[in-house]
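Peer 1: As a plain string of letters, each chain reads:
Protein chains: 2
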Amino acid sequence: MTTTTTGQQSQETSKYDVVGTRPIRHDGVDKVIGAAKYGADIQLSGMLHGKVLRSPHAHARIRSIDTKKAEALTGVTAVVTSKDFPIIADKMIDLAETQGNARMMAEHVMAAGKVLYIGHAVAAVSATSPHIAEQALELLEVDYEVLKPVLTLVEAMKEDAPLLHENLTTYFKLERFARGDDTEVKSNIASHIQHKLGDVEKGFQEADVIVEREFTTQTVHQGYIEPHASTATWAGDGRLTIWTCTQGSFAIRSSCAAILDIPESQIRVIPTEIGGGFGAKITTYLEPVAAVLSKKSGRPVQVVMTRKDVFEGTGPTSASRMRTKIGATKDGKITAAQLWMAFEAGAYPGSPIGGATLCATGAYNIENLLVDGYDVVCNKQKVQAYRAPGQPQGAFSVEPVIDELAEKLGLDPLEFRLKNVVKEGDRMPNGVPHPHFGVREMEEAMKAHSHYQTPLTGPNQGRGVAIGYRWQGGQASSATINVNSDGTINLITGSVDIGGTRTAVAMQAAEVLGLRAEDVSPTVVDTDTIGWTGVTGGSRTAFDTGLAAIQAAEEIIRLMKARAAILWEVEDEDINFDSGTFICGKTEDTISFQDLSARLMRTGGPVTCSVSTASPGSGPIIAGNLVDVEVDPETGKVDILRYTAFMDVGTAVHPAYVEGQIQGGTVQGIGWALNESYVYDENGAMLNSSFLDYRMPTSLDVPMIDTVMIEVPNPKHPFGLRGVGEAPIIPPLPAMAIAVSNAIGVPMRDLPMTPDVILAAIESKGE
Amino acid sequence: MTTTTTGQQSQETSKYDVVGTRPIRHDGVDKVIGAAKYGADIQLSGMLHGKVLRSPHAHARIRSIDTKKAEALTGVTAVVTSKDFPIIADKMIDLAETQGNARMMAEHVMAAGKVLYIGHAVAAVSATSPHIAEQALELLEVDYEVLKPVLTLVEAMKEDAPLLHENLTTYFKLERFARGDDTEVKSNIASHIQHKLGDVEKGFQEADVIVEREFTTQTVHQGYIEPHASTATWAGDGRLTIWTCTQGSFAIRSSCAAILDIPESQIRVIPTEIGGGFGAKITTYLEPVAAVLSKKSGRPVQVVMTRKDVFEGTGPTSASRMRTKIGATKDGKITAAQLWMAFEAGAYPGSPIGGATLCATGAYNIENLLVDGYDVVCNKQKVQAYRAPGQPQGAFSVEPVIDELAEKLGLDPLEFRLKNVVKEGDRMPNGVPHPHFGVREMEEAMKAHSHYQTPLTGPNQGRGVAIGYRWQGGQASSATINVNSDGTINLITGSVDIGGTRTAVAMQAAEVLGLRAEDVSPTVVDTDTIGWTGVTGGSRTAFDTGLAAIQAAEEIIRLMKARAAILWEVEDEDINFDSGTFICGKTEDTISFQDLSARLMRTGGPVTCSVSTASPGSGPIIAGNLVDVEVDPETGKVDILRYTAFMDVGTAVHPAYVEGQIQGGTVQGIGWALNESYVYDENGAMLNSSFLDYRMPTSLDVPMIDTVMIEVPNPKHPFGLRGVGEAPIIPPLPAMAIAVSNAIGVPMRDLPMTPDVILAAIESKGE
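Line order of the protein sequences matches chains X and P. Following this note's numbering, the numbering of the first sequence begins with 33 at its first residue and continues without gaps. Following this note's numbering, the numbering of the second sequence begins with 33 at its first residue and continues without gaps.
Chain X extracted, bound-state conformation:
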């Protein structure tokens, strides 16, 4: 285990030639000079422009849509409504309303029967210019029967709440569940998830101190810079080609195939560069719409969202209500914890409640545990994944309680955490035993860090300490390597590059082959051109696609050994490979990778290979924050004085990128804690759907985020990588809340902590 602070050379990786260095990213220049092609940069001859009409009502029945006037407008080539989606038009009755089914996906893309949130797509138009398409939207006449909207978790979970989905059945409803009645009922509760370890009642009986608190968070958006943009051409041969900015070209292929009811093999998805996604560019919004518009128009169609479309028509993450009760003995051992969590799913089932319930207590060994989570629909945007989905909320509901317990027990907060730290073999909430990872090492590094050792210096200052835990699965990835005659290689993957994974993956292949990172030309290709590859998400790409690249590189060595054997007229087994050189075990002849590459044509032709690998899952990851804040008692404004973000990164393949992930995730977490939220009016209309009004942190709002990388190599990866993309966003919510609470002396349990909220809290002290 080694620790490395921002910009330093990692000790852990010094045994590698490429892993652990900081080469310039392969796609860097293109992105800096503006040559990289994003979703809206696609241009095709004869291309039309599409626009989407969105619902002005949060909950309404669509009585009819009159498209005649729009269709008659010169320049309009097609108008599309849900009737143009066969899965909606033909299969409405057949399909059960369960999470993730194709009809719900389709209705999410184009409302059928009912609109379920303000911003829900109702119809779309294609025309020869974007302006004509916009004009045509105004000519569409939709007759709505306005229904009462259900806008909050509390309202949605009421027994007599209006139902969004009239056939949505769930096995539990709160009150019934409390009575032990688990008959199927119709409600807005889409699903219930429960984890149980040991005997929670017995655990609380053994506790000397018990703390129970409630927490809320509001709807926040991922805030990626690039609005969604999709272009489709669906010509007469049935083959559909889609260019889109997505985190997962194969995921878009699958969902479009389901929504359009055609085989996946008829669809080619070409991912463009992507200007941020953070989880929200996995689902499909525009692709099927552009496809159907193209089919009806007989020409390519491009649809690009405005910022307002993005805020109102795509998925933020869940607002949540959570209640946490934890008990501990006098000597600091946690005896039991009970968590209750309700997450807004928005208009359709599917909040990140699973990630929240599994991970909220993950940093601690709690033998008696009961976690209940509820996925609740309401008349707001259907939520989507946002970096470590559900886990920032989960940590926010646990860490302040841990802190309060430590205080009550007279223990240092990190000391209390270390007393209960999870270790190899301890069970996760789902009963699966933990492998070894660097949670203890990180907490000890935090405790020993100069930041923690340095006392606060002034009034109205507070320090926050918090830990964020996450469990990471994986998906399959594919990689192809082609060897060029000059000894460089082309590395092909299907993993969209959001955070530098072209280079992080290329470095792993280079390490295996004894090449420089610059000798690898990494390209992200479309779904026709590479084996199936899961989304870039879940912190998995450098890990999973890295494994595929490593396996492909090893296969290249095997194939090249056979060529050296031909050259030297020996057996394949006589050839060894070390640091880019092939060595004959018999004659001690050597030839470099480069020189052998130049001789491939004379020894049997080019060398190429493709592999697909299943993922072992990269496993647990831990992040921790130390933050000092000062609150202006006059205005409630929070200044961050110092911020140190820790993480067990396994092995930092490209330390600068890992630092960037830590810093970026931390700043997003700070925004979530301090400023960000969707502000709705009483009808469910978002009042702040622009980057001017939806307040994300800017460089002026945050100090330099110091990073400390703890490297406890992951045994599931040859170079020890973990997935580092998401965990950094988890601890900032509780760390900031604890710091502000400490600064003002009032516990802060509702986010965001905007100046007016803090001021009100300060003023409440006197009451």
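Careful: at least some of the hints might be erroneous.
A pair counts as met if it fits within one copy or between any two copies, since identical chains are not told apart.
[Stated by the list, open to error] Okay, derived cross-link-like pairs now, DSS-like style, lysine-lysine, Cα gap no bigger than 30 Å in a straight line:
hint: 1; residue 1: K365; residue 2: K479
hint: 2; residue 1: K63; residue 2: K328
hint: 3; residue 1: K748; residue 2: K593
Treat the hints as calculated values from the structure; they're not laboratory data.
Put chain P on the given structure of chain X with help from the hints.
Peer 2: Below, chain P alone, put in the same frame as chain X:
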């Protein structure tokens, strides 16, 4: 061996499920409805337009180029001359002038020092619109010192001819060679090739009859529909991306790397659809120019040729002069042959003299043979490959002599040919023994055919019989297969699809995997995305890339067997595969390819593989023609009454495409024989550089070409394929010449046989 006439089901292929059927081509609909993207369809944001200034002189020294006025024109972003090509600017002195060197390639792309033909590129301009670029060309001031041009073979080969390349050395000059003097001399003769078998003098002494004749052909163009179009973006990171209509993306990558003096790995070539190439879209013209314009402008640049640019600035095939002497005994055995062939190379060395000398006598077993070929530069367009390069001219110089010998010996022309037919083990002119192929089978089929058995019916009619032989090498190809969860596959290759090879290759993979052709989605990808793959040319793609696809499909079966073994908990070796079904040898469980495809994620992840294969070369191929013509004695116009084209196709993977190749090649050969030629004025200016004046056959000029496919499976391919793209163009030149000669009673030994030429021949009879 089976024979199949146009549109019939082949007998030979009935043992296959897919090979031998006629599925709709995968790219068909796109091409029919206009959705396919050709070279000029590429659109990039910020794209500029380039135009090329071409020389008005056939031979001149460039004293200076003043680019100032052009550069000052509003909208002009860059002006490029040979000074912008480092290989020309820096390495002029270092490089020897030998065929194919990088500097010559570069000078061919952009003249340096001298212009060598009218149409030679001298400078290029990029601007915000094509019109501004054209305007800017007029502002370029080139100061030429006009030199005496060398426009014909006879002139060019004269001892005192002006030299095109002042340092071009060759080891032979005709007169010196005749004297046994082989010292190096400077001349316009770029190279000499000689094949020698046995003792030609002794052979002629044994002959009872000797015929010796001279033949000429003129410059003809491939006449592809799509003009050259290239787009390049060469951004600040040094990586050059090129979209271009080419027959070989890797060939363009190599030549651009050489001309621009950068590593191949820095270049990505994305091939567009291609509207015909016939050999002429292998070389580079516009790509390096667009690249340098882009580099200087900092934006993408597209350059598209006009038809006049294509005729004047690209490479037609060689004009030729040939003398053929063949002797035979009374009983019809050929005892000796001597061939002398001189081919125009145009401005730079490199005519198809090699193909001509190797193949001209290939259909016959001639024990005593001497063939001399000369590659001669002159002030005309640098010639490029044209379908079976050099072989139509070669056959044209041999077949009429064979016919005349048969007549003199009182033998049926096919009987005489069969007496001398080449057979397995007979030596090629280069001494290599022939494998078995269907030359005898084809000639017997011709002899037995109703066409041959049906006498001519009227005056002024004549019949031609001719054979065309070709030897086909090969190049490496790569293929990648990705298995989709619905049991379809994506098949990736780097072979540009000119004549239906997407489908012809997909069918071979489908045959191996027990799938339908429609279950394979074949895609042609760029140089970054697939292993090295040679050009689509030399009739090699269905054969070589087919072999790669077959090998990849076999590897997929191996990988899928391992998955079935996991499912059934047996060993990989226990699994058999037959016609799309995996069978457990132990339990007799079965699972279809489709069903197993759906279970890949549960048995280890996706299945993908990439392979590269060296080519064994598809070997010899033979084509034969029977043609009946009627000549109008008043006008000299030739009407083709009946045309039957024969070929040993090995196995017809997609019979309709093979028929298409036979028909297309035949019609091109007819055009060459009857109408086509560059008409030059005395300064070397082409007078007919439009499709109105350059007279290619239209559908009104030719009857239905009946095809007869002889199938003698090629032992070098699992399904028996041969390369069928080129051989059909070989026999029409001699067949038409013999037919017209027979119709008018005057031997026709100079092409093209335009009406005025035929009329003059008819009129010469009375003299």
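Peer 1: Compare the structure with each hint and give your call.
Peer 2: Hint by hint, here is what the structure shows:
no. : hint           : verdict
1   : K365 with K479 : within (19 Å within a copy, 101 Å between copies)
2   : K63 with K328  : between (35 Å within a copy, 19 Å between copies)
3   : K748 with K593 : both (27 Å within a copy, 27 Å between copies)
Violated hints are absent here; each numbered hint is respected by the structure.
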